[in-house]
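Asker: What follows is each chain in one-letter form.
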Amino acid sequence: MVMRNRAAWLPWALPAIVLVMVFFVAPFLLNVRFAFSSWTSFRAEITWNGLENVRTLIDQDLLANAVTVTVLYAILCMAIQNTVSLSLALALQRTSGINTVFRSAFFLPTLISPLAAGYIWRGLLAPEGAVNSFLGIEWAWLGEPSTALVVVAFIDAWKWSGLITLVYIAGLNSIPKSLLESATVDGAGPWTRFRRVVFPLLAPALTFNVAVTLVGALSAYDVIAATTGGGPGDHTRALNVVMRQQWGQGFFGSASALGFTVTLLVIATAVPLVWWLRRREVTG
Amino acid sequence: MRAVLKYTALTLFAIPWVLVPIWLVVVNSFKPAGEAAELGLGLPRTWAIAENYGIVLDRGGYLTGLVNSLKVTVPIVVAVVFLGAAAAWAFGRSRSRWLQAAYFVMGLSILLPPSIIPTVYLLRALSLDGGSLGYVLTMTGCRLGVVIFLATGFVRAFPRDLEDAAAIDGASRAQVFVRILLPLLRPVLFVGGVILIINVWNDFFFALFLLQGSANATLPLSLFQFASGTLQSLNWNLVFAHVLLTTLPLVAVYVVAQKRVLAGLTEGALKG
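Chains as they are written, first to last, in numbering that gives the first Met the number 0: chain P, 0 to 283; chain H, 0 to 271.
Read the hints as simulated data drawn from the structure, not as lab findings.
With a straight-line Cα cutoff of 27 Å, these simulated DSS-like cross-link-like pairs (lysine-lysine) come out: (1) Lys-176(P) <-> Lys-258(H); (2) Lys-258(H) <-> Lys-5(H); (3) Lys-176(P) <-> Lys-5(H).
Label-pair ranges, simulated between beta-carbon atoms: (4) Glu-44(P) <-> Leu-107(H): 27 to 33 Å; (5) Gly-41(H) <-> Ser-145(P): 29 to 35 Å; (6) Gly-228(H) <-> Gly-142(P): 17 to 23 Å; (7) Phe-157(H) <-> Ala-182(P): 29 to 35 Å; (8) Ser-86(P) <-> Phe-103(H): 32 to 38 Å; (9) Arg-58(H) <-> Phe-193(P): 50 to 56 Å; (10) Gly-53(H) <-> Trp-274(P): 54 to 60 Å; (11) Ala-182(P) <-> Arg-155(H): 31 to 37 Å; (12) Ile-167(H) <-> Thr-191(P): 51 to 57 Å; (13) Arg-155(H) <-> Arg-42(P): 48 to 54 Å; (14) Val-252(H) <-> Phe-198(P): 34 to 40 Å.
Derived, one-sided and incomplete: chain P residues facing chain H with beta-carbon distance under 7 Å: (15) Trp-8; (16) Ala-15; (17) Leu-18; (18) Phe-23; (19) Leu-29; (20) Leu-107; (21) Ala-129; (22) Leu-165; (23) Ala-169; (24) Val-261; (25) Ala-269.
Don't be surprised by glycine CBs; every beta carbon is placed ideally from N, CA and C.
Please work from the sequences and hints to get the whole structure.
Answerer: Right, here's the structure in full:
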């Protein structure tokens, strides 16, 4: 039969495979080489130089700070986003007219670009802005080292929370009602039901959301570009921000090394996390 | 009583979370520069709608940005959705080891961050740097993975009897794809497509590296250039007018598609 002919499947997958290979996999492999190569706008020739780029970045006190900022940013972003989204999902789980209106409203920030979100909150959180006049204080949220990183991570979380809420609602709705009912019959209160039934069964959605938000936030750039540009000092200078600066100054090899660092962080975060959460899914 | 309490709490949360940010943008885009600099939430004392939006359209590069954004978003979304669906069919049905290996690579491309610097190098080597085509190809290559992954799960969950029956009746593969596969995958392709539109329309990072010159600038790039023109003190009225105009096309898409997006996402179209 035609449909069972093996070779005949290749043409259907080939365009996609070629595009991913050329425009994702090839740059990925090239990056491994460029990260350890001398390549600048002053000398276009690309030659292997081992750990020279990394050493230069460390000597300039750029690398350790960027890694710390990026990791903190990702954790803050993940924590804020998942707390808000899971709470909203629990409140809006049932599909009804009024809940649909709220779901729709909370989805709106997702439509706004991270760049625009940065400008909007920069306006709201300015010393003379609405947040301060409501609180009756004058605080430079984005200008003070103690709050800048939290605020920038908050803006990123704000932008994506609507979408993550919907994924949690899908997860909540996939929990069999009979389980919750029998837990209630057995005398479990709302908190026990959540902790013993809902939370363990929510594992697939939780896995997905925690991994997606962490991995996404490790590549942070847009919100920072619109708000602090890396400041105050270097308190929000994440890896991608330094990468763009190195690129702009013509240090292409160093920029590649910074991009490669993001990749390593993603691998280091995602692999154990997915593995651990999946195991808990089965046994939990 | 508990319901009243819940919805009061939700409303109180929605005001600063959704309403105030949107109101700030709208109302300040109507004010003259001096008044907008106060960043207040009150109505304008002097209205400057025509002036502000006139400047954004004229000097802010909005119209060029709009055309450029459409010019890249449409081909990327069409290519990802259709090439992704075709590939998902093959990955879902074929038992070839090579294709299964390729499918694994597609999965990796979702997780790992794209390498932007070597991409610039590669596009330069292919004489595709700076322009829309290189950007479209790169974004397509980097976004295909998600759609393929989601759609392949869908294909595998469906028995192949329907496709076999159509083949026995003499339908060609292309006919089976258009008549059976695409309708089958519609929910997942629809939700994936809308999220893709949001991502591509709002993309700033790739555009910053891959699109050169204001002639190619998409809307996020033109917003950034416009805002960075006066880095020390933003002209809030103009920045907000630009933000509003940049977001409106997506809001329009969302209003049309909202019911199906919300239903698709909450009923787990992404779970496959």
